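Colleague: Work from the hints to combine the two standalone chains into their complex.
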Amino acid sequence: MTRTRFHQELEELKHRILAMAGMAEQAVDLAVQAYSQRDIAMCQRVLNNEPAINRAEREVDEFAVDLLAMQQPMAIDLRFILAVIKINADLERVGDQAVNIAQRVLHLVEYAPKDLPVDIPAMASKVRKMVRDALQCFIEGDADLAKRVLEADDEVDRMNKEAFANLSACMQDHPDSAAQALDALSIARNLERVADHATNIAEDVIFWIRGADVRHHAGQTASRI
Amino acid sequence: MGTAVEVRDLKAWFGKTEALHGINMSVESNHATAVIGPSGCGKSTFIRCLNRMHETNPEAKAEGEVRIGGMDVYDVPAVDVRRRVGMVFQKPNPFPTMSIYDNVAAGLKLNGTRNRTTLDDCVERSLQQAALWEEVKDVLKKKSGASLSGGQQQRLCIARALAVNPEVLLMDEPASALDPISTAKIEDLIFELKQKLTIVIVTHNMQQASRVAEYTGFFLMGNLVEFDKTEKIFTNPSDKRTEDYITGRFG
Numbered sequence: 000m001t002r003t004r005f006h007q008e009l010e011e012l013k014h015r016i017l018a019m020a021g022m023a024e025q026a027v028d029l030a031v032q033a034y035s036q037r038d039i040a041m042c043q044r045v046l047n048n049e050p051a052i053n054r055a056e057r058e059v060d061e062f063a064v065d066l067l068a069m070q071q072p073m074a075i076d077l078r079f080i081l082a083v084i085k086i087n088a089d090l091e092r093v094g095d096q097a098v099n100i101a102q103r104v105l106h107l108v109e110y111a112p113k114d115l116p117v118d119i120p121a122m123a124s125k126v127r128k129m130v131r132d133a134l135q136c137f138i139e140g141d142a143d144l145a146k147r148v149l150e151a152d153d154e155v156d157r158m159n160k161e162a163f164a165n166l167s168a169c170m171q172d173h174p175d176s177a178a179q180a181l182d183a184l185s186i187a188r189n190l191e192r193v194a195d196h197a198t199n200i201a202e203d204v205i206f207w208i209r210g211a212d213v214r215h216h217a218g219q220t221a222s223r224i
Numbered sequence: 000m001g002t003a004v005e006v007r008d009l010k011a012w013f014g015k016t017e018a019l020h021g022i023n024m025s026v027e028s029n030h031a032t033a034v035i036g037p038s039g040c041g042k043s044t045f046i047r048c049l050n051r052m053h054e055t056n057p058e059a060k061a062e063g064e065v066r067i068g069g070m071d072v073y074d075v076p077a078v079d080v081r082r083r084v085g086m087v088f089q090k091p092n093p094f095p096t097m098s099i100y101d102n103v104a105a106g107l108k109l110n111g112t113r114n115r116t117t118l119d120d121c122v123e124r125s126l127q128q129a130a131l132w133e134e135v136k137d138v139l140k141k142k143s144g145a146s147l148s149g150g151q152q153q154r155l156c157i158a159r160a161l162a163v164n165p166e167v168l169l170m171d172e173p174a175s176a177l178d179p180i181s182t183a184k185i186e187d188l189i190f191e192l193k194q195k196l197t198i199v200i201v202t203h204n205m206q207q208a209s210r211v212a213e214y215t216g217f218f219l220m221g222n223l224v225e226f227d228k229t230e231k232i233f234t235n236p237s238d239k240r241t242e243d244y245i246t247g248r249f250g
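Residue numbers (numbering that gives the first Met the number 0), protein chains in the order written: chain A, 0 to 224; chain B, 0 to 250.
Since the hints were made in silico from the structure, they are not lab data.
Check before you lean on any hint, since a few could be wrong.
As the list claims (entries may be wrong) - Result set (DSBU-like, lysine-lysine): computed pairs, CA atoms no more than 35 Å apart in a straight line:
1) A/K146 to B/K193
2) A/K160 to A/K113
3) B/K15 to A/K13
4) B/K231 to A/K146
5) B/K141 to B/K108
6) B/K141 to B/K184
7) A/K128 to A/K113
8) A/K85 to B/K141
9) A/K85 to A/K146
10) B/K193 to B/K231
11) B/K90 to B/K60
12) A/K85 to A/K128
13) B/K108 to B/K184
14) B/K228 to B/K193
15) A/K13 to B/K231
16) B/K90 to B/K140
17) B/K239 to A/K128
18) B/K239 to B/K193
19) B/K239 to A/K13
20) A/K128 to A/K146
21) B/K10 to B/K90
22) B/K184 to B/K15
23) A/K13 to A/K113
24) A/K146 to B/K228
25) A/K85 to B/K60
26) B/K239 to B/K228
27) A/K85 to B/K140
Stated by the list, open to error - If you anchor each label on the Cβ, the simulated ranges turn out as follows:
28) B/E213 to A/R2: 18 to 28 Å
29) A/K128 to B/E27: 45 to 55 Å
30) B/S237 to A/A178: 51 to 61 Å
What the hints assert, rightly or not - Beyond 12 Å from chain B on every Cβ pair, some chain A residues (computed):
31) L9
32) Q25
33) S35
In this text, all values refer to a predicted model and were calculated from it rather than measured experimentally.
Every residue, glycine too, gets a C-beta built ideally from N, C-alpha and C.
Extracted from the complex, chain B is given alone in its bound form (with noise of 0.2 Å):
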């Protein structure tokens, strides 16, 4: 299997205030790794370093070593990295005035694809792999992506991250806007979807994080407490403040 991304000391700041202070961790390679802490304790900041989107706000910066298959993202355009590294947020975010078909599409249209047949061999597998195709394969370029319900256009901003074949996905409480099912349904494709690519998932949901991850980082206050394997993290963990956030004894 192997590491997918390699994190050293990685520090990251909003202005002054220092966010994160100096992580370490060892992504693995076709696998979920779940990321949790109460609000503002740098989970989110944290996975928004590894593809340098933390660095879109002007007060941000970042200092350390984020290594993704052997690439220093910070020795490499961001726009480079971003393709290597898809994100997916909480609340779904389709192009609204583009058909289902140009939203998956655009990525690769960006990137200079112009062949009508690669386009559309690529649409059907993104939308495929995310689980979506049956369900607007009928409806590609007359409906809009905020046409669909919440859940559907979830799903369609995962085909949008797929269609350029990123190795890490990176997931930011990707359900949390969602009811039940949807729910349900992105959680089987973050198993599916493990066996082609590394996931990294924010959530805020303990189940959640259980039910898909192998493993589990535990995130207070800029600092990563605790990261072991999920199973351990829940039902045993090393760490007293884990134990304490995850019982609900404090957050």
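Okay, chain A solo, but in the shape it has when bound (with noise of 0.2 Å):
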């Protein structure tokens, strides 16, 4: 009763979404990188990508249904499909992050650069390694490193406060620097909400591989999971 071609299409379905996983993460480093140039040509290809992250998005989920219809997967299989499903959805939600931030990004460069009291390369740069190991714990089916996703995302969020606190600051204390530093808060907070993605993505591979829900800590702390 061995199943050989069902486990060859859940190899095909793990194909597929890390190929989508690709372009999610090449438009948030378009995105980021962008900013940091001021580059209106790379907004332009984030905003012109999105479409194919759309359209991968619904192929992912017709394939899953499918083989949930099809195959009526069971336990780990089963779990597997599930959390494609949802790390497809919130791929599809980093996709749209990176397209916001490129439009705050179009509209940033209408005004003179200015010195803000934010650093969202620094930030950028821990939110692409989260999706990064989020997408190698997945590929690998690694449960310890997505344990250490969620922990990065604290950081993450700290940072973000903190810009949240500094940008008001400043635009209280500038306000001919409040719209630039408007397009900065949401380019922070843009961030992380990708950040936010990942620890999903990480916290579906806890359930695929070990079958647990760690959602909202559910009922469990990190050094139980």
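Modeller: So this is what it looks like as structure tokens:
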């Protein structure tokens, strides 16, 4: 009763979602680079690439639903498909956040550069590492690495709060910089949301591998996961 | 609720071959327990030990303890055990020349019941419990058991088993020879019957196990590898061998 074809299809599902993950990751990288370099063309590429991510999301969902209906998966296979469906939604949202960042950058470049009290590249670097690690733990089925992604989210949250406090103060002290500060504030919030999606992906990997629901600290502390 | 069947250190043999290597299981009352596993794993042998059907094979023997409501099945005559523990097989086996009525009444008559009203009431009640009454009530004595469809025959066999008011009903792949509609009827029936008795069902169909049973035991090479709530077995089993089997990685 070995289900060779079904397991090949699960591999195919994994390939497809990884291809989509590559697109979402690249969108964030491009958007962050566009911010650092104030590059309109890069922003445009992020916007142009979004429909492909949305299309990939629909295709992955369709494939996953077909497998649920046709193959009636059990245990780790069932958890894998459920995790893929959720990760798929998170990746699509990561793509949306990249678009939001690109739109803010397009607005920001209309103004003269300002020295703002926020280190977006530093925050972006942490967030990108979280996304990379979340995908890596998905590729390898590594629940321990997934746990480290959850821990990294606290640092990004802290950076976002700090950005909020500093940029709010900046807006009050320098009203002429309010527009740029508001864009930077939005970008920091978008990055923080990307980190949340990376956290969700890591939680889904833990669910897939260990069958444990760790969302919202569901009755467990990180050390007991 | 409590325990309907308590199995301790149950071993079974066919000749010199040990088919069960010391099974321990507590079957909860008024619930369905599914027994799954690859062919030859001992699952049918296991349930056949619960009502001493195993020993109807002259080469076979069993050892250990099977307690049903306090009675050790190996301490009392087999006939008494089978009155309390009914069984339904993979292939429907109505008595072919008997009418539908006589098929259902057969067990009671064998036990000495002759009163017409008692028999009539019992036949109607059993056929209703088996969800067959509406389909056959007008031809009870005109049609033979063998003239019914496969799905109806299986429900007739269930009615026959229910007629003697068993505490436990053993089902050995009861729907594997049936079409999807008849299968769904049997599954609905299992759901209803759980209110009154305890069910142990052997099935090759894992979706069926997950649909009808609250508990599932996975057998492999004569051992009970894992026994747990069905939802645990099918979403996150504890033993790698269970997971490999139910995900189709071996078998």
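Colleague: Evaluate each hint against the coordinates.
Modeller: Cross-check of the supplied hints:
1. A/K146 to B/K193: violated, 43 Å
2. A/K160 to A/K113: holds, 21 Å
3. B/K15 to A/K13: violated, 49 Å
4. B/K231 to A/K146: holds, 24 Å
5. B/K141 to B/K108: Given pair B/K141, B/K108 holds - Cα atoms ~19 Å apart, limit 35 Å.
6. B/K141 to B/K184: holds, 24 Å
7. A/K128 to A/K113: Roughly 27 Å separates the two Cα atoms, so the pair holds.
8. A/K85 to B/K141: violated, 59 Å
9. A/K85 to A/K146: holds, 18 Å
10. B/K193 to B/K231: holds, 20 Å
11. B/K90 to B/K60: Holds - the C-alpha atoms of B/K60 and B/K90 are around 24 Å apart, at most 35 Å.
12. A/K85 to A/K128: holds, 20 Å
13. B/K108 to B/K184: holds, 28 Å
14. B/K228 to B/K193: Since the Cα atoms of B/K228 and B/K193 sit roughly 16 Å apart, the hinted pair holds (cutoff 35 Å).
15. A/K13 to B/K231: holds, 25 Å
16. B/K90 to B/K140: Status holds; Cα separation ~23 Å.
17. B/K239 to A/K128: holds, 33 Å
18. B/K239 to B/K193: holds, 31 Å
19. B/K239 to A/K13: Status holds; Cα separation ~22 Å.
20. A/K128 to A/K146: holds, 14 Å
21. B/K10 to B/K90: holds, 26 Å
22. B/K184 to B/K15: violated, 41 Å
23. A/K13 to A/K113: Violated, at about 44 Å.
24. A/K146 to B/K228: The hint holds at about 28 Å.
25. A/K85 to B/K60: Distance of about 53 Å is beyond 35 Å: violated.
26. B/K239 to B/K228: Given that 35 Å is the threshold and the Cα spacing comes to 16 Å, the pair holds.
27. A/K85 to B/K140: violated, 59 Å
28. B/E213 to A/R2: 18 to 28 Å: holds, 26 Å
29. A/K128 to B/E27: 45 to 55 Å: Because 50 Å falls inside the window, the suggested range holds.
30. B/S237 to A/A178: 51 to 61 Å: holds, 58 Å
31. L9: At about 10 Å from chain B, A/L9 fails to clear the 12 Å cut-off, so the statement is violated.
32. Q25: Per Cβ check, A/Q25 is outside 12 Å of chain B; nearest 33 Å; holds.
33. S35: holds, 45 Å
Checked against the numbered hints listed earlier, the structure breaks hints 1, 3, 8, 22, 23, 25, 27, 31; every other hint is satisfied.
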